[in-house]
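S.K.: Listed below are the residues making up each chain.
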Amino acid sequence: MNHKTINFFTTGRYALVDAYYRYIWINTYDEAICHRIQQLFWSKIQTLVYDLNTIEQYHDGLIDTSVCLNWQLLDVDRLPMRIGLNIAGFDQTHQGGKLVNIKPEYPLPVERQHDLQQQMLLYKTIMDWTHRTLTPGDLMIVSRIDQIFQTEINLNDINQELFTLANQYLHNAGWLSGAILTPLDRHYE
Amino acid sequence: MNNLIYLPLAWLRRYDPYLQSQEYQHNHWFNMHSVTLWPEHLSSRVHKLNTPWDLAPSVCPMPKLLHNSELRFDVVMDSITHRFCDYIQRTGKTPYMSWSGGIDSTSILVSLLKVGNSDFLKKLVVLYNDRSIKENSFFYHRFLDGKVSTLNFDQSPLHVTADNYDQIVILDGEVGNQVMGSPHINSLVRQGRRDILDSDWTTIQDYSEIIYGSTDFHIQMIKESVESAPVEILTVFDFLWWLNFNFKVDDVLLRKMLTHVYDLTPDQSREFWESGIFRHYAQPEMQQWSLVSKNQRHQSIEIMLKYIPKKYIYDFDHNDIWYAHKTEQASMASTYEKCTFGDSGIIALDSDWNKYSLTDQETRRKLGRILQRIS
Numbered sequence: 001m002n003h004k005t006i007n008f009f010t011t012g013r014y015a016l017v018d019a020y021y022r023y024i025w026i027n028t029y030d031e032a033i034c035h036r037i038q039q040l041f042w043s044k045i046q047t048l049v050y051d052l053n054t055i056e057q058y059h060d061g062l063i064d065t066s067v068c069l070n071w072q073l074l075d076v077d078r079l080p081m082r083i084g085l086n087i088a089g090f091d092q093t094h095q096g097g098k099l100v101n102i103k104p105e106y107p108l109p110v111e112r113q114h115d116l117q118q119q120m121l122l123y124k125t126i127m128d129w130t131h132r133t134l135t136p137g138d139l140m141i142v143s144r145i146d147q148i149f150q151t152e153i154n155l156n157d158i159n160q161e162l163f164t165l166a167n168q169y170l171h172n173a174g175w176l177s178g179a180i181l182t183p184l185d186r187h188y189e
Numbered sequence: 190m191n192n193l194i195y196l197p198l199a200w201l202r203r204y205d206p207y208l209q210s211q212e213y214q215h216n217h218w219f220n221m222h223s224v225t226l227w228p229e230h231l232s233s234r235v236h237k238l239n240t241p242w243d244l245a246p247s248v249c250p251m252p253k254l255l256h257n258s259e260l261r262f263d264v265v266m267d268s269i270t271h272r273f274c275d276y277i278q279r280t281g282k283t284p285y286m287s288w289s290g291g292i293d294s295t296s297i298l299v300s301l302l303k304v305g306n307s308d309f310l311k312k313l314v315v316l317y318n319d320r321s322i323k324e325n326s327f328f329y330h331r332f333l334d335g336k337v338s339t340l341n342f343d344q345s346p347l348h349v350t351a352d353n354y355d356q357i358v359i360l361d362g363e364v365g366n367q368v369m370g371s372p373h374i375n376s377l378v379r380q381g382r383r384d385i386l387d388s389d390w391t392t393i394q395d396y397s398e399i400i401y402g403s404t405d406f407h408i409q410m411i412k413e414s415v416e417s418a419p420v421e422i423l424t425v426f427d428f429l430w431w432l433n434f435n436f437k438v439d440d441v442l443l444r445k446m447l448t449h450v451y452d453l454t455p456d457q458s459r460e461f462w463e464s465g466i467f468r469h470y471a472q473p474e475m476q477q478w479s480l481v482s483k484n485q486r487h488q489s490i491e492i493m494l495k496y497i498p499k500k501y502i503y504d505f506d507h508n509d510i511w512y513a514h515k516t517e518q519a520s521m522a523s524t525y526e527k528c529t530f531g532d533s534g535i536i537a538l539d540s541d542w543n544k545y546s547l548t549d550q551e552t553r554r555k556l557g558r559i560l561q562r563i564s
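Heads up: the sequence lines are chains H and S, in that order.
Residue numbering for the first sequence follows this note's numbering, beginning at 1 and increasing consecutively.
Residue numbering for the second sequence follows this note's numbering, beginning at 190 and increasing consecutively.
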């Protein structure tokens, strides 16, 4: 079943850059969420977190969700021989590089590229909402949300799994369920 | 200390830094580790290296090039798995598949899931840890968790002992990288330098452009081996793959073995090596495939690195995101570091599977004499 098309928007100085293809998946002002998405999506894509403010050509508002896939951050001199979360520096925020506005060669069809980008943005939005209501006792639901994003590879399937999860928590954590349903816009189904 | 099959030079040079000194007569062997991912233990599968220590022939002899060798990776992989499953059925041993979540071990796991019958799959145990799940969560949750037996080896390590060494078989993805390509090829592709890979390797003026940190001694040694290669080494792609295929296979086959045979006698160790550990990528058919598919793999770089095994996995799991984006990552070899060569005291293995420990004064003296550090 196809659900409503979700289009999230974000901008900011911290960018998730594809470690291999070098394009920007998302950029946001929230450095912590960038690192969290880097870790959580590692089995789907391998990315590095960059601080765009350290790049000469960058200024606030230059890049946002609607255009970031058309920007590449070239830093070839520092490309690692191997990529791995266990390799020193991979979990750090990187600086410098050169921004170029050239549409790269995507390894996935464009619609799947956007699907994956929207998965990241959906996760970010859910985390924004759940953190407003989260208590220590709710950590289980966060790990279940994480598992959905790690396991499912299509936005529609993620949407449906989240909807099911939110319904399971309606009886004892209605606010939290609402926090999941809000970005899905499915409160009344 | 003759007929050595493993001697970790990288560890020795940390133990005795003088081995790297320009004043030391054999320093060139120890200064080769400036090259990224250079083998800890150095051996050539096609020619005898003129080392001060006595090396045994390769534990993985170079296969003969057959004109009717199979060109399809899936056919080769699945035929090896058929043979392995028959072996398990005949012997009743328990197969333990060490799964990192990476491309090489996932390919093997796909083959086991495709080819293995229900009896085999009931016996199969997949060894994994949290890193494996992080590398391929979709595969773990869709095909492994709750479907086959799994064992988190960080929580319950599998120990090979005198009681179980002849009842189990461990599989892993070692030698996958040597069969497919090389980290130097990956590095050039990532830098957009595919043009270099297509060029004639003999025209290269500065070899450090293609092998970072290489010395004249390196290059001379590689050139000597090329003369004995069973296939023509023409391009830089060929040259870099050959370097990995010829010089690193013994190292990756043996680097974890100490963990496995630490508590075994030499006879038990030999038996475990021969029938307790099974490497798909080191099997003669796969080694032949690597020789005959060289040009096919070179061309497939236009699509992506490791295209052939990734396509094999994609045809099974249909995970387009992993297929498009998965890159080679550091292997799980480091997870075995509790029992590594050197740090465990054991510094060498010979072809009779005798272990040599530096805790033994006589061994230290023998090593000192072999290295000509003492007279």
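Wrong hints could be hidden among the right ones.
Computed footprint of chain S on chain H, listed as stretches where at least three residues anywhere in the stretch have a Cβ under 8 Å from a Cβ of chain S [to be verified]:
no. : segment
1   : 64-70
2   : 102-113
3   : 149-157
Please keep in mind that the hints were generated in silico from the structure rather than gathered at the bench.
If you're wondering where the values come from, they're calculated on a predicted model, not measured in any experiment.
Where a beta carbon is used, it is the ideal one built from N, C-alpha and C, also for glycine.
S.K.: For the segment 64-70 of chain H, do at least 3 residues have a Cβ located nearer than 8 Å to some Cβ of chain S?
M.R.: violated (count 0)
S.K.: Report holds or violated for chain S covering the segment 102-113 of chain H, Cβ cut-off 8 Å, minimum 3 residues.
M.R.: holds (count 3)
S.K.: Count the residues of the segment 149-157 of chain H with a beta-carbon closer than 8 Å to any beta-carbon of chain S: does the count reach three?
M.R.: holds (count 4)
The structure shown violates just one earlier hint, number 1.
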